[in-house]
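Novice: Here are the chains, one letter per residue:
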Amino acid sequence: MILKYMLPKSMESQITLTGDERIYYSVPIDIDESGKWSDNSFLVVTTRKVYILRESDSKVYDIKDLQKAKAEPGVGGGLLTVKSQGVDRVLAHYSSKHLGRYAYVARGINILISGRYEEVESPEYEKICPICGRAIPGTKRCPKCSKEGGFLSVFLKMAKPYKKGFFGVFMLMVLVAITTLGNPEVQKHLINDVLKKNGGMKEALVYLALMFFLSVAIVIINILKSNASASLGSRIAADLREELFEKIQKLPLEFINDRRPGELLNRITQDTRFISDFMADIFCNLFAVFFIFIWDIIFMMILNIKLALLIFILVPIVTFFMLSLRKTISRIFHLQFKKNDDVASDLQDVVSGMRVVKSYGKEEDESKRFKIVSAEYADIQMRNERFWGLFDFVMSFLMGMGVVIVVYFGGRDVFLDRMSAGELYQFMSYTLLLFQYVGWLGRLPRELSRLTSCLERIYDVLAQEVPKELEEAHPIDIEGEVTFEHATFGYKSYQPVLEDINAVIKPGEMIGIVGASGTGKSTLINLLMGLYKVDDGRLLIDGTDLNEISRKSYHSQIGVVLQETFLFSGTILDNIKFSKPDASVEEIIKAAKLANAHDFICRLPDGYNTYVGEKGHTLSGGERQRIAIARAILPDPRILILDEATASLDTESEFMIQKALERLTSGKTTFAIAHRLSTLKNADRIMVIDGHSIAEIGTHQELLDRKGIYYNLFTAQLAKS
Amino acid sequence: MEDTINIYEKKAEEMTAIHIISKKDKFAETEGGFVSFDYDGVHYDRIKVVRLFPFSDADRFISIREYGNGDREIGIIEDLSDMTEETQKILRHQLDLCYFTPVIEKIYNIKDEYGYAYFHVLTDRGECKFTINMGSNAVSKLSDTRLIIMDVDENRFEIRDVEALSQKERRMLDMFL
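Chains F and Z supply the protein sequences, listed in that same order.
Residue 1250 in this note's numbering is what sits at position 145 of the first sequence, and the numbering runs on without skipping anything.
Residue 104 in this note's numbering is what sits at position 98 of the second sequence, and the numbering runs on without skipping anything.
Derived by calculation from the structure, the hints in this document are not laboratory data.
Each hint should be verified, as a subset may be incorrect.
[Unchecked claim] Here are the in silico distance ranges between beta carbons for each label pair:
| id | chain 1 | residue 1 | chain 2 | residue 2 | range |
| --- | --- | --- | --- | --- | --- |
| 1 | F | Cys1234 | Z | Ile24 | 32 to 40 Å |
| 2 | Z | Glu15 | F | Glu1126 | 29 to 37 Å |
| 3 | Z | Thr22 | F | Tyr1465 | 50 to 58 Å |
| 4 | Z | Asn115 | F | Ala1608 | 52 to 60 Å |
| 5 | Z | Glu111 | F | Asp1144 | 13 to 21 Å |
| 6 | F | Ser1725 | Z | Thr22 | 32 to 40 Å |
| 7 | F | Asn1607 | Z | Asp44 | 51 to 59 Å |
Where a beta carbon is used, it is the ideal one built from N, C-alpha and C, also for glycine.
The following block holds chain Z by itself, in its conformation from the complex (with noise of 0.2 Å):
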């Protein structure tokens, strides 16, 4: 009994603690277009990237977890940008793969019809058209300036600064604020 209580204070003490991943970790992109990972001795063959503030602090505080296993985690990087050139660039793929919300520059045109939305649009993924829908909370307001737009299929847009727009932007995006 006594010993199975030791394994339990581990276990809570595993739980709790934070393990901060340094710049000598060694991450490395596999064969297949994911990556692996060493740590403390431990070689994971596919690790998962997650954002812990994806709206505040995208490129900070990122969750590296195990594939499997319950998704433990096994470290966190607290900033992308003190990790060596390549550990950077191919988190930032990993993350591209896993998180996908384009930004949008420009708004082209925005046509409502009926309940619908029609959205055309220029975002940092390329040129897009999506639809959302009026009647549900469509759009949601990170803060006074920035939004984010889920279309129908639960795509995710987001618009960083409203103020940025264009007078006759913001007048379409109006209807929505």
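Only chain F is shown next, with the shape it has when bound in the complex (with noise of 0.2 Å):
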């Protein structure tokens, strides 16, 4: 994302550098004050200064004298506000456009109040490309103006790990073009050499031959050709596919969570499948086509230049009509789709909802409804067959005229005796062909985009760097104490959830985490289990930073049950031996018994080996969240994290899972977060999270005595019961 804009010249001047001054932003404001569009006024952050350029009316204001920056995300937009003298102000309005530019921006400018000196850069990518206005698919660059981008050079990165599956389809499609455009020359000769010439039987027979050897062979080469790039097409697809997988499992979260969710599987699954259907369908008739294509035109200038140009005329126009449709049938189709998809959803929101339409009586409201929707539907549908019917007959008579156009005047010439025969019959089926591969080819440039967007989005995945460990992180066996030093963080570069986190837990300390959702219990969670890096600030285990540990062996000493609890598809064995896959039976059976599953786990026809998942046996919630606090046990870990790890549990069986839990924490340094405080009774200290921050820390007693969050939340659950 862009931090630094080029300024205009008259912008430009209004800025003083004094000694070792630098601009460190420079960002549109793209709306003034009366709440319009504008395109002519700028934030600057200088090392010392922040300055509002407008036309008029300029400001400035000294870093000095503010206090705290904040971009403020509105509806649509945001502004960027500071204290400055106890006061709140406005700085700049902007639309949604530069949200995230400007989080980054009062971050840079809050490191340059604190008297620190760092620029900050943000990572993420612009949306829409500042040379040529288009959009960018999600890429780093955009792949209309970016030099690498391209198709020919996309496509070549593609292919040059299959050299030999490619150079075998060119060939075939080679030869398909040969004996396509071979066929019409020995028609000729058939009309000419024996039919006018009252050739012999023999002569006959043998262009017959030829021409049956030929279509064969036109057969024969097909299928080759179609099955070589199709199997050609799949492997590089596979390969993509396997490729982007390990990929996405070593970048971080930070990346996954910046795409809208299915987008990172839309990559895996419909983009690798494009390129599949694009081989088996486009490229293994690229080629060819363009082949035939070219030699159709220069036999039939070579066969009558007068005809082909006469034909060469028509072209265009044919092409011009089908240009010109396919705008309006890819719009009605679009129509289609989406009624379709209003038709289809509304239908799934009726079934889906059936309990609640019934149980306030309202069948009859939503018949209508759906009647509406459905007859709409099915206008739209007529239309638009009744318009692809004339769409057909149209074309056709276009192409019906091209051979009229052919017969007569070709007609002509051979009775001037310009022309045989058996040369106008070629002559018809060139331009047959013609006009066969034209709508092809103008689907050509559209279909060449989509692989392009399809490859670049695949290349960016695989182009990401995956972060490195630090050279310095090695394994250690952990202790269980536990620091936060002025850790801050945020998914959002505009939306800090976390700010300024200090705390040190002891080894074998029990931590309750309590707070109102949303507060950010949870991305606590997520920062110690490594699963994001802090922005600002460090973590500490055992007084070594987080980075600085080897990802293997501190993910193997932490347990995790997390409050949504996932099961892969597999058995329950398999599922409790994710955390440690060697572990003996022993072993198993004990975290199962430790977890409280053991008992309902036998009682199932299968026992541990019954399949769960998706499409296996359906467990309860609480089954399930008691066979992934199974696995979280399993490896004994140093520190154990529960967030919500009781939750789905009825109260008995949430009793003796926390009875359970006493004996299994004792010694580990565990974080619990918790809504039901009774859950916590036996923590060491309690934690209370409260707009960002750390608002209370200690034990039960401290913080009943200070009356504060704790306290009402205390008093409230137990006037609740």
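Please assemble the complex out of the two chains, which come individually in their own frames, going by the hints.
Specialist: What follows is the structure, given as structure tokens:
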């Protein structure tokens, strides 16, 4: 993301830099004071000052007079505010286009206020290419503008490892072109040499045999070619898919969270599928069609240049007609598709909400509504089919016209003896061939650009750098001391979730974490699990920065039970063993017993071999959670993280698991998030998260004496029960 | 224990109460461009304004909330036009700062290219260009004739009445309906 825009000359002249002062950030202010779009205002931050540059009425603030800058997101835009002399001030109003940018700028200003001189950089991508104004399909560079982009270079990049396969397909394509073009030539001889000159049966049979041989050859070569390119396509797609999957596993969660859910899934499944489809449908004909097309034109010109030119006048007309209709076609089918979607989602809504509909007695209303949507869909469908029928008719009419022209003018030439009958026949064959491929070639640019986008998106993921472990990263035996030092973190640049967290947790201590939802409890745990890195500050384990501990060693020593328990498709045994694949059966049973899961597993007909997951045996929420707990405790971790671990259990099993966990957590550093405070009664200390930071921390009694947030929560829950 | 239960009774009552703000309550513009408010003997340095029905009733039912402190609601303005001229001016300016949804008045051109559509329009906030992703649900219907269009940057544009557009503009828009 660009944080330093080029300033127009008139603006630049308003800035005077003194000494070692430098410009750090300059971003557009795209909404003016009366709330209208504006394109000539800028916010400029130098190492000493903040400038608001407008056509008139520019303002300057000294950074040393500012206390805190904040990018406050609103609806469809946001405000950059600063606190100076105790007063909140609006500095700039901007649309959503610059939401992310201003968050970085605000962070940058705050760093300058604190007396440091680091320059903030944004790893996020621009969504619109600043050069050509086109949307960038989720990649770093604009596929249109970047020098390395463009169809040919990405295509070559993809093709490189498969040189042999591509060469084979290419050769087959040349063969297809030769045989396709050769057939009319033989037909010409048949007419001219045999039919017109009263040639013998023997000659006729020779030509017929040749024609038969060519036709069979065309079919066989086509099949071979389609097979070869389809298998080449699926091989490429499969390899890319594997590569992508491996890469995405290694990438940090930030990369995945930056993208819409499903987008990465699409890259793995749809983008790669498009590549194999492209190879099978388009590429296999690509060169063959080009080859045929060019030779077709050359042959036509050789045969009869006048006639050829006449036909070529018709070609642009057909092309134009098809291109202009294609817009309409895609529009009406888009409409049909949308309506189809509406019908489907309406149906889905009503069927899945059947209980609600029935319990409010709204069946009839829903039927009426559905009838309307369904009728609209039928209307559009009918209209489209009618249009389609007409389109086909017009297309074949145009092609027919071409043939008529050829027959008329060509026929005259034949009578005048400027052309033989066989040549006329040959010419007609070439004309039909030409029309056949005009349509195909018209579709090509769109397909090529789709392929470019797909490949760009795939290579964008593959080109991501996997953050390497620091060189000094080393395995350690964890004692269990955890220290947060000014830890600050946010998933999105403009929304810090945790700010300036400071705490030291002793080995073996159990910390209960409470707070309203959305305050950052789970985020704190995500940091602890090493899923994200703190943006500012440090997180230390036994005095060592988490970044300096090798991931493998760290993750083998922590156990996690999350709010949403996720079980993989597989047996219960597989799921428990996931955390420690080499565990013995005794260990597994012991873990299951501790998690209070053993008994219910015994009741299942397939025992530990019961298949669970998406298509498997349905377990209740509590049962899944108990399996997750067994999985967490199996490796005997040094740090145990429980995020609402017992929330979906009934009171009795919760009590039993609590009992079991008590034994288990002794001597282990434990972090437990809970809404029900009774589950935290064994906690050594309670941490209350509120307003993005630790609001209170201390023992149960200390916090009650403080009469703060915890006291309120505790008494509220007591009052409830 | 009795006390604490009473505290919660009070809290629950406070939670469900609706405070209506009247003409008499004093809003003032602050030096920094925000709004301060005096209500029920309490002074608030800065308040937040929230539209309860931003689409169907933008000028009615505006929630006035504290800035910080869990954004607690201070009260609701039932109808902005019932307020004094001065208050209306201050609050409208503040609403403009928090809500930016340009209304499209004229469509100059829509060009679609490879899954994205490029709009060139005139809005009530001036002329502008924006881009939408045709694959996502960028256009949502508020009613049969009213649309909200979300561009790739998550800016929102409104079309108040599709039928008020010219035939030519409607045809360009057809693709997204």
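Novice: Look at each hint and say if it fits the structure.
Specialist: Hints, verified against the model:
Range check, F/Cys1234 to Z/Ile24: Cβ separation about 50 Å, and the 32 to 40 Å hint is violated. Checking the proposed 29 to 37 Å range against Z/Glu15 and F/Glu1126 shows it is violated: the Cβ atoms sit about 60 Å from each other. Between Z/Thr22 and F/Tyr1465 the Cβ separation comes to about 25 Å, which falls outside the hinted range of 50 to 58 Å. Roughly 57 Å separates the CB atoms of Z/Asn115 and F/Ala1608, a value that falls within the hinted 52 to 60 Å.
Roughly 19 Å separates the CB atoms of Z/Glu111 and F/Asp1144, a value that falls within the hinted 13 to 21 Å. A hinted range of 32 to 40 Å holds for the C-beta pair F/Ser1725 and Z/Thr22, which are about 35 Å apart. Between F/Asn1607 and Z/Asp44, the C-beta spacing of about 38 Å breaks the proposed range 51 to 59 Å.
Checked against the numbered hints listed earlier, the structure breaks hints 1, 2, 3, 7; every other hint is satisfied.
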